[in-house]
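Chemist: Sequence:
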Amino acid sequence: MADIPDSKLKRYFSEYAHPEKTKKEVVALLKSYKGLQLEQDTYEFHNGFVKRLANLRGTIRVGYKGLTYHIPVCIWLMDTHPDHAPICYVKPTADMKINISPNVDHTGKIYSPYLHTWSAQHSKLEGLLKVLSAAFSSVPPLYSSRSRAGVDNPSYMRTESGMPTPYNGNAATPGPANNTPYPTQSYMPMPGSNMNSPYPSYPTPGYPGYNPNAAANPQGSMYPPSYPPQPGTAGMSSYPPNMPYPYPQPGGGTPAATPYPMPNPSPAPPTNTGNTSSGTITDEHIKMSLKSAVEDKIRRKMNEQTTQAQEEIEILKETQNELNRGKYKLSKIFERIEKEKTELERNISFLKEKDTELDSILAVLLEKTDVDVD
1 MADIPDSKLK RYFSEYAHPE KTKKEVVALL KSYKGLQLEQ DTYEFHNGFV KRLANLRGTI
61 RVGYKGLTYH IPVCIWLMDT HPDHAPICYV KPTADMKINI SPNVDHTGKI YSPYLHTWSA
121 QHSKLEGLLK VLSAAFSSVP PLYSSRSRAG VDNPSYMRTE SGMPTPYNGN AATPGPANNT
181 PYPTQSYMPM PGSNMNSPYP SYPTPGYPGY NPNAAANPQG SMYPPSYPPQ PGTAGMSSYP
241 PNMPYPYPQP GGGTPAATPY PMPNPSPAPP TNTGNTSSGT ITDEHIKMSL KSAVEDKIRR
301 KMNEQTTQAQ EEIEILKETQ NELNRGKYKL SKIFERIEKE KTELERNISF LKEKDTELDS
361 ILAVLLEKTD VDVD
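With full-length UniProt numbering applied, the sequence shown covers 1 to 374.
Fair warning: there could be bad hints in the mix.
[Claimed, not checked] Keeping only pairs whose Cα atoms sit at most 20 angstroms apart, straight-line, the calculated PhoX-like set for lysine-lysine is:
| id | residue 1 | residue 2 |
| --- | --- | --- |
| 1 | K339 | K65 |
| 2 | K97 | K34 |
| 3 | K21 | K10 |
| 4 | K97 | K23 |
| 5 | K317 | K301 |
| 6 | K21 | K97 |
| 7 | K21 | K31 |
| 8 | K124 | K34 |
| 9 | K301 | K339 |
| 10 | K23 | K8 |
[To be verified] With beta-carbon atoms standing in for the labels, derived distance ranges:
| id | residue 1 | residue 2 | range |
| --- | --- | --- | --- |
| 11 | K10 | P113 | 16 to 24 angstroms |
| 12 | S7 | S292 | 42 to 50 angstroms |
| 13 | G326 | K287 | 55 to 63 angstroms |
Derived by calculation from the structure, the hints in this document are not laboratory data.
Backbone N, C-alpha and C fix where the C-beta goes; we use that ideal spot for every residue, glycine too.
Please take these sequences and the hints and turn them into a complete structure.
Modeler: Here it is, written out as structure tokens:
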């Protein structure tokens, strides 16, 4: 994409905790991921709190069974980035459905160990997108909701120029030369806007989640249907693979697409997705995926137990300190009591001696004879 004006970057990140660091990371990311765009929109959390946040919207390339797909995503950057993990979603179009998996729930929210273990020192947006691409290459997050039967809408295929071309097998003549295959909507509805979106927030520390009861996905999107078919329905989808992401026209113009014939497309080179040459997911891949999920679950459980144990240890240490302070106070009280006891015993002995002395004097006085007054 074209260079982002510095004024736009300053405006988007003016209220961020680390504006310079965030701008530098975003600019570097957009140079590598041409299918993403930097935007700003209002994000609404489940408790009604709203916040103007920058987001990266567009598509990322995902390889699946030797073919390349462009999966639409939206990545919201918290105003504390990179201290807190971003909030990520997939963005299905009206004729796409979410393929629920350990990576994506029914609302489109993306889950990943990379997000759960996000670190401000070691985690990066580019690393996150690489992890998501690898995860989606094993289990695609979206699939087509329409079958081939009775569908007259054009499918999107790859041309030699790399741009998508609408094609209808029944068309006999090309359409007007000035028509393009871009969708008619030039923006993507986001949470908090008047279009309403079904996306909840990612459970990031310090940020409440978005309301999951929002309206269903709105009709229309800037992203064409270019997602892999639903597992188990191969050959039923009307969306051929290997379609690149179409860029919007400058100024927001989006003329309607008219089907016209095209030459036979050249097959795209296989993408290294970790699958076998037959394009199937082997037991080894499933085993590795399950192993990763189990490791992540065990790691989270161990972290919870470790944190709980540390909190209990801190409580016990504080209790021990209080007991030691009480012991010291009691020892001082006992010392004072012992001193007072010794002093009392000494006083008692002194009084007994005086009492004995007085008894002796009194006895002497009683033995004396009476004095004759004459």
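Chemist: Does each hint hold? Answer for all of them.
Modeler: Evaluated hints:
no.: 1; hint: K339 x K65; in the structure: 90 angstroms, violated
no.: 2; hint: K97 x K34; in the structure: 25 angstroms, violated
no.: 3; hint: K21 x K10; in the structure: 12 angstroms, holds
no.: 4; hint: K97 x K23; in the structure: 33 angstroms, violated
no.: 5; hint: K317 x K301; in the structure: 24 angstroms, violated
no.: 6; hint: K21 x K97; in the structure: 36 angstroms, violated
no.: 7; hint: K21 x K31; in the structure: 16 angstroms, holds
no.: 8; hint: K124 x K34; in the structure: 17 angstroms, holds
no.: 9; hint: K301 x K339; in the structure: 57 angstroms, violated
no.: 10; hint: K23 x K8; in the structure: 10 angstroms, holds
no.: 11; hint: K10 x P113: 16 to 24 angstroms; in the structure: 34 angstroms, violated
no.: 12; hint: S7 x S292: 42 to 50 angstroms; in the structure: 43 angstroms, holds
no.: 13; hint: G326 x K287: 55 to 63 angstroms; in the structure: 58 angstroms, holds
Violated hints for the displayed structure, listed by number in ascending order: 1, 2, 4, 5, 6, 9 and 11.
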